[in-house]
Amino acid sequence: MTGTRTPEIPAELQAVWQALEVLADPEIPVVSLRELGILRGIRQTDTGLEVVITPTYSGCPAMGQIEDDVRALLQQQGWDAKVVTQLSPAWTTDWMTPAAKDKLRAYGIAPPQACADHADKHGGSSRVLRFAARVAATEAIPCPRCGSSLTTETSHFGSTACKALYKCLDCQEPFDYFKPY
Amino acid sequence: MTTATPTAIASVDYLLHLADNALVLGQRNAEWCGHGPILEEDIAMANISLDLIGQARLLYQAAAEQMGAGTTEDRLAYFRDVPEFRNYTLLELPHSPPLAGTAASDRDYATTIVRNFLYSALMVMVWESLQQSRDSQLAAIAAKSLKEVRYHLRHARDWLIRMGDGTEESQARAQSALNHLMPYTQEFWTASAFEQAALSDGTGLDMASLQADWLALVQDAVAEAQLQTPSSKGFVPTGKHGVHSEHLGFLLAEMQSLARAHPQANW
Numbered sequence: 007m008t009g010t011r012t013p014e015i016p017a018e019l020q021a022v023w024q025a026l027e028v029l030a031d032p033e034i035p036v037v038s039l040r041e042l043g044i045l046r047g048i049r050q051t052d053t054g055l056e057v058v059i060t061p062t063y064s065g066c067p068a069m070g071q072i073e074d075d076v077r078a079l080l081q082q083q084g085w086d087a088k089v090v091t092q093l094s095p096a097w098t099t100d101w102m103t104p105a106a107k108d109k110l111r112a113y114g115i116a117p118p119q120a121c122a123d124h125a126d127k128h129g130g131s132s133r134v135l136r137f138a139a140r141v142a143a144t145e146a147i148p149c150p151r152c153g154s155s156l157t158t159e160t161s162h163f164g165s166t167a168c169k170a171l172y173k174c175l176d177c178q179e180p181f182d183y184f185k186p187y
Numbered sequence: 006m007t008t009a010t011p012t013a014i015a016s017v018d019y020l021l022h023l024a025d026n027a028l029v030l031g032q033r034n035a036e037w038c039g040h041g042p043i044l045e046e047d048i049a050m051a052n053i054s055l056d057l058i059g060q061a062r063l064l065y066q067a068a069a070e071q072m073g074a075g076t077t078e079d080r081l082a083y084f085r086d087v088p089e090f091r092n093y094t095l096l097e098l099p100h101s102p103p104l105a106g107t108a109a110s111d112r113d114y115a116t117t118i119v120r121n122f123l124y125s126a127l128m129v130m131v132w133e134s135l136q137q138s139r140d141s142q143l144a145a146i147a148a149k150s151l152k153e154v155r156y157h158l159r160h161a162r163d164w165l166i167r168m169g170d171g172t173e174e175s176q177a178r179a180q181s182a183l184n185h186l187m188p189y190t191q192e193f194w195t196a197s198a199f200e201q202a203a204l205s206d207g208t209g210l211d212m213a214s215l216q217a218d219w220l221a222l223v224q225d226a227v228a229e230a231q232l233q234t235p236s237s238k239g240f241v242p243t244g245k246h247g248v249h250s251e252h253l254g255f256l257l258a259e260m261q262s263l264a265r266a267h268p269q270a271n272w
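Chains A and B supply the protein sequences, listed in that same order. For the first sequence, the working numbering begins at 7 and goes up steadily by one. For the second sequence, the working numbering begins at 6 and goes up steadily by one.
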């Protein structure tokens, strides 16, 4: 069930799972690791308890911190568990819970559109990528502050690997957009 | 999860080839960090480098695991010398027009953009194909990398068009960078022994089969940028065979010197 948004947690491990709920993303402290889809599951193996996490961007510097946070919390609660990093299925912003998206918006970050609605969607299936002309550009990303759809991308890349830089043409506020991944 | 075909493990050489490509370009592009032509591009180059170095780390970890005997990703990145690197020559060239003496010569952003464009156009296709690799670890890395390289391609393609369809100066620089770099792409299509082996055991892919689609993608953008697609004939570079240009040594010296001066350091 690793491909779904919410991993299934066996009843006897629910307590550990609940305890991990307090852990937030180090860069975006308003959303929990579970809500972001980084915590993928807990399992009992022959060698002990394992907590499975999945990296976001390959080079995201927060991943080391996240792994340390999970390990420290488990240790502090007295659980002898290993933290396992699993690459497949690849993390996607589609796993983000609706609650997480609301929290991002309240924090001033426009939440990601669904990957399926994304402008580059045909890149996944056909070999030759074609892009819309510059002027026709991208889909409207609503401003997290005033809700206006009159926004424009100022840079494909922003303050962290996962974000692009946008500007609202109505309220004039610059804001981050969490890119679909 | 159902796996119809039996699994295989990609060879160390093949993994190092993919990893070295990502690391060397990541290191090269990171030279713009703090020196970007505008703030947004400074940030973009740092982000792209971060993705590439992250991809390299995953690939080095896979290679190190296979090599055993205490091999680590750091050893592979910091303690191999020029002839052991298997990256394309294209990726180690400085950000300067041809005949510029050193990497510290005046950097030319058109060279940076054109190289990123040519490489990310290739890697979108390579990673897409490697998602079906019989090496499941490599397939997993490919699935992640594909998502990232699509943004790199979008960025480079956008700038290529802005430069080509821009001022006289920007168009001349973009055209000159294309003329300079295009011949280096020949190295993509001639298979090395480790690529042949990866193709036959199902861990890799047939690079030559991507050439027509890659060229169509390149020509489409180049035409939109009002530029001319230059010929890619001439000397076929040999970086992936370990025979590099004079530029890789300087790049590695800068990247590796700290780790070599303090081999036991903890970060």
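A portion of the hints provided could be inaccurate.
Among chain A residues calculated to face chain B with C-beta under 7 Å, some are [claimed, not checked]:
1. W85
2. A87
3. T91
4. L93
5. A167
Hints listed in this document are in silico derivations from the structure and should not be mistaken for laboratory results. If you're wondering where the values come from, they're calculated on a predicted model, not measured in any experiment. In this text, a Cβ means the ideal position worked out from N, Cα and C, and glycines have one as well.
task: Would you check whether L93 (chain A) satisfies its interface hint, that is, whether its CB is within less than 7 Å of any CB in chain B?
output: Because about 4 Å separates L93 (chain A) from the closest Cβ in chain B, which is inside the 7 Å limit, the hint holds.
query: Under the criterion of a CB-CB separation shorter than 7 Å, is T91 (chain A) in contact with chain B as hinted?
result: 10 Å, violated
query: Under the criterion of a CB-CB separation shorter than 7 Å, is A87 (chain A) in contact with chain B as hinted?
result: Cβ of A87 (chain A) sits 22 Å from chain B, so the hint is violated.
query: Against chain B, is A167 (chain A) within 7 Å by beta-carbon distance?
result: The hint holds - A167 (chain A) has a Cβ within 7 Å of chain B, the shortest such distance being about 5 Å.
query: Does the CB of W85 (chain A) sit less than 7 Å away from some CB of chain B?
result: Result: violated, 26 Å to nearest chain B Cβ.
Going down the numbered hints, you'll see the structure goes against 1, 2, 3, while the others check out.
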